[in-house]
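Taken in order, these protein sequences are the chains called G and W.
Once you know that position 135 of the first sequence is 218 in the numbering used here, the rest is easy, because the numbers rise by one and skip nothing.
Once you know that position 23 of the second sequence is 441 in the numbering used here, the rest is easy, because the numbers rise by one and skip nothing.
Don't read these hints as lab results, they were simulated from the structure.
You may find that some hints are simply not true.
Only pairs whose alpha carbons sit at most 30 Å apart, straight line, appear in this in silico DSSO-like list of lysine-lysine [stated by the list, open to error]:
| no. | chain 1 | residue 1 | chain 2 | residue 2 |
| --- | --- | --- | --- | --- |
| 1 | G | Lys516 | G | Lys328 |
| 2 | G | Lys352 | W | Lys497 |
| 3 | G | Lys362 | W | Lys475 |
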Amino acid sequence: MKEKITELESRRERALMCGGEAAIEKRHAKGLLTARERIDILVDAGTFRETDMFVHKDGDDAPGDGVVCGVAKIGGKDVCVFAQDFTVLGGSLGLRHARKITKIQDLAAKMRCPIIGINDSGGARIQDGVDSLCGYGEIFYRNTQLSGLVPQISVVMGPCAGGAAYSPALTDFVFMVDGISKMFLTGPTVVETVMGETISQEDLGGARVHAEKAGTAHFFAKNEKDCLAQVRRLLDYLPQSADVKPETKKSVDSPKNISIESILPSDGKEPYDVREVVKCLADKDSFFEVHELFAPNIICGFVRMDGATVGVVANQPNYLAGALDADAADKASRFIRFCDAFNIPLLTLMDVPGCLPGVEGEHSGAVRHGAKLFYAYAEATIPMVTVVLRKAYGGGYVSLGSRHIGADYVFCLPTAEIAVMGPESAVSVLYHKEIKAIVENGGDVEAFKKEKAEEYRREYANPYEAGAKGYIDDVVEPQDVRGRVIDAFASLSGKTVDRPNKKHGLTPA
Amino acid sequence: MKQIEIEIDGIKYKTFVREDRFRASCYNSMNETHATEVFPPIAGKVIDIIPVGTKIKKGDVLATIEAMKMYNRIFSPVKGIVKEVHYSVGDNAVRSTSLVVIEKN
Numbered sequence: 084m085k086e087k088i089t090e091l092e093s094r095r096e097r098a099l100m101c102g103g104e105a106a107i108e109k110r111h112a113k114g115l116l117t118a119r120e121r122i123d124i125l126v127d128a129g130t131f132r133e134t135d136m137f138v139h140k141d142g143d144d145a146p147g148d149g150v151v152c153g154v155a156k157i158g159g160k161d162v163c164v165f166a167q168d169f170t171v172l173g174g175s176l177g178l179r180h181a182r183k184i185t186k187i188q189d190l191a192a193k194m195r196c197p198i199i200g201i202n203d204s205g206g207a208r209i210q211d212g213v214d215s216l217c218g219y220g221e222i223f224y225r226n227t228q229l230s231g232l233v234p235q236i237s238v239v240m241g242p243c244a245g246g247a248a249y250s251p252a253l254t255d256f257v258f259m260v261d262g263i264s265k266m267f268l269t270g271p272t273v274v275e276t277v278m279g280e281t282i283s284q285e286d287l288g289g290a291r292v293h294a295e296k297a298g299t300a301h302f303f304a305k306n307e308k309d310c311l312a313q314v315r316r317l318l319d320y321l322p323q324s325a326d327v328k329p330e331t332k333k334s335v336d337s338p339k340n341i342s343i344e345s346i347l348p349s350d351g352k353e354p355y356d357v358r359e360v361v362k363c364l365a366d367k368d369s370f371f372e373v374h375e376l377f378a379p380n381i382i383c384g385f386v387r388m389d390g391a392t393v394g395v396v397a398n399q400p401n402y403l404a405g406a407l408d409a410d411a412a413d414k415a416s417r418f419i420r421f422c423d424a425f426n427i428p429l430l431t432l433m434d435v436p437g438c439l440p441g442v443e444g445e446h447s448g449a450v451r452h453g454a455k456l457f458y459a460y461a462e463a464t465i466p467m468v469t470v471v472l473r474k475a476y477g478g479g480y481v482s483l484g485s486r487h488i489g490a491d492y493v494f495c496l497p498t499a500e501i502a503v504m505g506p507e508s509a510v511s512v513l514y515h516k517e518i519k520a521i522v523e524n525g526g527d528v529e530a531f532k533k534e535k536a537e538e539y540r541r542e543y544a545n546p547y548e549a550g551a552k553g554y555i556d557d558v559v560e561p562q563d564v565r566g567r568v569i570d571a572f573a574s575l576s577g578k579t580v581d582r583p584n585k586k587h588g589l590t591p592a
Numbered sequence: 419m420k421q422i423e424i425e426i427d428g429i430k431y432k433t434f435v436r437e438d439r440f441r442a443s444c445y446n447s448m449n450e451t452h453a454t455e456v457f458p459p460i461a462g463k464v465i466d467i468i469p470v471g472t473k474i475k476k477g478d479v480l481a482t483i484e485a486m487k488m489y490n491r492i493f494s495p496v497k498g499i500v501k502e503v504h505y506s507v508g509d510n511a512v513r514s515t516s517l518v519v520i521e522k523n
């Protein structure tokens with residue numbers, strides 16, 4: 084027995100050494116953490132239980148076959164984890180490497196707990212031939228089956244190139260680290276050879292590019308430790324699976340030093356930072372923004388209200404007037420569908436002047452992208468409360484959680500303007516003939532337009548026309564909004580919606 | 419049309435460019451070094467715009483454009499001096515023509 088235990092110990096020691104001391108030192112010299120160090124920082128101390136430590140490639144000294152897998156706890160709750168180990172064969176994906184990942188994916192499905200994958204791999208293991216393609220396919224298949232069942236989080240901490248890039252994109256949230264993460268389908272060398280375009284890895288598929296432009300990354304981190312801390316924070320808001328609701332924490336009051344009244348400018352054309360409004364409504368220090376750098380004209384994030392997780396979608400008047408465009412619709416609709424899949428109630432703060440006009444937008448598919456927003460709200464069965472802060476015009480109003488598209492409660496501030504179009508545009512349409520006549524007679528057309536616009540504003544740009552028709556539930560003073568929203572969500576905690584049974588709908592693409 | 423001479427990998431070439439494109443392309447190539455050209459992120463009516471010669475800090479307001487029923491403030495991405503201003507108050511700003519050119523310092 085003793086001999087056997089000694090052998091076990093030596094094998095275990097070998098596996099724990101990953102690619103060997105030299106390889107680890109080389110990593111540390113570059114300021115990078117190893118796969119095991121990353122897991123240690125991510126999970127609660129001492130909770131990691133490794134699986135498949137002894138898996139390796141036939142006749143090869145490849146400890147763990149380049150990936151570390153196991154179960155652990157984060158914030159006291161179960162999670163499944165895998166981390167690709169760049170010190171072993173460059174973290175390349177061979178069949179056994181892939182099967183370790185699919186095994187832990189299957190375990191996450193059985194345990195009904197979140198799964199976190201740390202990606203750091205040179206790509207397919209060429210020597211394994213089509214076996215590595217099989218491996219990728221089996222991982223992607225499970226990413227899709229797990230989608231909407233348990234939260235799936237991808238952390239890109241190194242290269243994630245070629246087909247490998249699709250796995251993070253199939254999961255719910257992607258984290259990337261400045262200067263370390265690189266994700267692209269074809270790298271700079273191929274881009275240069277084929278297209279004649281010279282570009283660095285960082286500019287082609289670094290963290291900033293994915294967080295700001297491509298929108299692939301939901302979270303941008305300065306360094307690895309910051310990134311892993313953000314993963315822990317995100318998980319704190321989420322339920323273990325689609326079968327349960329997120330945990331309710333101790334209720335904390337909203338900050339006392341700011342108020343909606345002081346944030347909203349008295350001139351309706353002046354912008355403001357809607358994040359401040361979110362902070363007024365949320366439990367103190369609970370706002371955790373998702374996709375912060377992408378499509379800043381709409382804000383998405385998690386907050387707590389009376390201790391419970393709530394998803395927030397809010398137009399941002401500080402950027403592009405808060406108008407909707409394709410990226411904003413993509414960002415918000417994806418977030419809403421996540422909330423719906425995982426029983427997270429949704430609060431919408433509306434201040435939308437409409438959709439951004441332009442040839443470029445129309446030609447790049449503003450219609451089919453914008454349609455996703457309608458679809459996401461209409462499909463959702465979670466409790467949904469909408470607060471109209473100011474502007475609520477046209478299709479923007481309908482799509483962003485209006486009662487017509489599925490909201491359970493719609494509250495308006497007294498500053499709300501719900502109308503088909505803005506006063507100036509409406510006057511041009513309604514008084515088309517009169518304006519033409521004034522122009523022909525050399526009259527003061529600007530004065531006429533101004534007068535009529537004022538008339539229209541008084542008549543229609545307010546919450547009371549919609550109120551008269553029962554399209555909103557109440558007009559509320561700014562200081563009462565938080566309380567009303569909390570009460571509304573409480574009343575909806577048992578919300579039940581019956582839908583006809585079907586295979587699945589077709590989201591606009 | 420304007421004739422210009424360019425040098426690529428040590429070899430000199432002569433070519434013609436349209437006047438209106440010339441300015442933009444010049445500044446783009448100068449981007450990294452001295453000048454920054456700021457384009458409007460949204461098309462609309464210019465409500466106010468900074469005068470030529472103003473010294474500015476990063477984050478200062480360069481212009482206000484009324485669009486989508488809102489005043490949209492355009493902030494300076496750099497510190498420097500406003501070298502050129504391409505619109506007057508009341509003009510309709512378009513995405514393809516820059517608002518100002520800033521010489522960095």
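Pair hint G:Lys362 and W:Lys475, alpha-carbon separation not exceeding 30 Å
holds, 29 Å
Between the alpha carbons of G:Lys516 and G:Lys328, is the straight-line distance 30 Å or under?
Violated, at about 57 Å.
Satisfaction of hint between W:Lys497 and G:Lys352, Cα-Cα up to 30 Å
Status holds; Cα separation ~28 Å.
This entry does not satisfy hint 1, going by the numbered hints stated previously; all others are met.
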